[in-house]
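Given these sequences and hints, build the entire structure.
These are the residues of each chain, in order.
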Amino acid sequence: MNYREVETDGEYLARLETGSDWRAELEALADRVEADAGWFTAMGAVEDAEVWFYDQDETEYRSVEFDEPLEVAACVGNVALLDGERFAHTHAVLSRRSGQALAGHLNAGTVFAGEAYLRAFETPLERERDDVTDLDLWL
Amino acid sequence: MNYREVETDGEYLARLETGSDWRAELEALADRVEADAGWFTAMGAVEDAEVWFYDQDETEYRSVEFDEPLEVAACVGNVALLDGERFAHTHAVLSRRSGQALAGHLNAGTVFAGEAYLRAFETPLERERDDVTDLDLWL
Amino acid sequence: MNYREVETDGEYLARLETGSDWRAELEALADRVEADAGWFTAMGAVEDAEVWFYDQDETEYRSVEFDEPLEVAACVGNVALLDGERFAHTHAVLSRRSGQALAGHLNAGTVFAGEAYLRAFETPLERERDDVTDLDLWL
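Protein chains in written order, with this note's numbering: chain X, 1 to 139; chain H, 1001 to 1139; chain S, 2001 to 2139.
Computed list of chain S residues with no C-beta within reach of chain H, every gap over 12 angstroms:
{"hint": "1", "residue": "2017"}
{"hint": "2", "residue": "2019"}
{"hint": "3", "residue": "2047"}
Cβ pair distances, simulated, as ranges:
{"hint": "4", "chain 1": "S", "residue 1": "2065", "chain 2": "X", "residue 2": "124", "range": "33 to 43 angstroms"}
{"hint": "5", "chain 1": "H", "residue 1": "1098", "chain 2": "X", "residue 2": "60", "range": "25 to 35 angstroms"}
{"hint": "6", "chain 1": "S", "residue 1": "2084", "chain 2": "X", "residue 2": "129", "range": "39 to 49 angstroms"}
{"hint": "7", "chain 1": "H", "residue 1": "1048", "chain 2": "S", "residue 2": "2083", "range": "30 to 40 angstroms"}
{"hint": "8", "chain 1": "X", "residue 1": "84", "chain 2": "H", "residue 2": "1002", "range": "22 to 32 angstroms"}
{"hint": "9", "chain 1": "S", "residue 1": "2031", "chain 2": "X", "residue 2": "132", "range": "17 to 27 angstroms"}
So the derived list for chain X, only partly shown, Cβ under 8 angstroms to chain H, looks like this:
{"hint": "10", "residue": "15"}
{"hint": "11", "residue": "29"}
{"hint": "12", "residue": "47"}
{"hint": "13", "residue": "71"}
{"hint": "14", "residue": "73"}
{"hint": "15", "residue": "95"}
{"hint": "16", "residue": "100"}
{"hint": "17", "residue": "101"}
{"hint": "18", "residue": "115"}
{"hint": "19", "residue": "117"}
Keep in mind that the hints were calculated from the coordinates and are not lab data. Computed from a prediction, not measured in an experiment: that's the story for all the values here. By construction, the Cβ of each residue, glycine as well, lies at the ideal position given by its N, Cα and C atoms.
Right under this line is the structure:
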C-alpha cells in the first residue's frame, strides 16, 4: 500500500449552485481555494445523474444515466491533478422516491441542492496511468 | 457557488445510544459540545427508519418508512441553526439483510448501534428559506 | 450518549493495493502509522465483496457474498483496538453495472482500486462487549 501523511491547508464548506453540475462545482471550489489535493464528503439532491461503472475486464467505464430527481445520500471523493487540471474523483450514492439506492462514479449530475465539506492539502496529488488497472491513480 | 473557509473548534467521536433516535442523538451531541455548525459522518445500524425524498416539482418532502432492522452503511450530514435550534441535516444509506441498499434524507430511525465523528466549526451556520428550491439552506 | 473529544495525531491518504483485501489494507495503514484510534472515509472498486448484516434479534452477523466487480461508492469506518489488535470497522456502499446499490458491514473485498483518507487520534479506542446489542462497541 502506498500512503502519504498530509497537512491540511484549509477547510471549506460549500453550497453547490442549483442548476450547475455537481462535479464541476466541486472542481470550481478546488479552483477557488487553489487546492491541488483535497478530500471531500457531500450530500444533497440532483435533478438527474450520469453514473459510471468501471468494467474491470475491458478496463473501460460504462455509463448509466438517470433522468429523474434523486437524493444524494452520500458523496465521497478527492481532488487531484489530472493532466495539469484539478479533477474531482467523485463517487456517490443516490436514491429514488421509493428509497431505492443507486450508486457509482458520479460523472455528472445537475445540482438541485448540495452541501459539501472539503479539506485542502498542502502537497499536490497527481494522477498517472496505472498499468494494472488502466486507471489514473495517485501515489 | 457560495463557500466559506471554516475553523475547527473541536473534533468528537460519539457512540449513539441504543433505543434513541439517530438524528436526535446527533443533535444532542451538537448541543453537548455547543456546536452551532459542524460536519459529520457516521455508521451503525437502526431498528427502523423514516427516509425522506424531496419532490423537486412539488417542493415537498415525501416520507417512506421501513419498519425493519437496517445497517447504516454510510451517513453524511451537518449541523446548522434552523429557527434558532441546532438541526442535523442527515442523509444516510441503509441496507437490508439481502444487501439491498436504501437511501435518502434520514428524518428518524431507532438506533441499534451507532458510531459518529463530528467536527465542530467556530462560526455558526444558519439555515434560511431559499426561494429557488423552497429548502432551508445555509450560506 | 457517550462521546469523547479527540485530538488528531496525523492525517493520511492511502492508495489501497490492487489484489489485496480492502479491510486488511485499512488495518495495514493503521499499523503503519501506529493508529490505535482513527476515522476514515474511502472509495474505489472491488473485484468481489463479503457484506455482513447484523441480525438484531439473533445477535449474529449474516454474510452475503457478491462474486462480481463492484464500485465502492462510499466507505465509512473507524479504527479501534479489539482484543489488542487494530480493527477497522468498515461499512460500505457498493454498486453494480446497472447502478443498483448494495451495502452493509464490509468484512472482506478484493481491492481493484481504492483511495482512503484516515485521521489518526491520540487516545486509543478499545472495543468491549456490549450486553444490550452483543456487539463490540467503544466508549
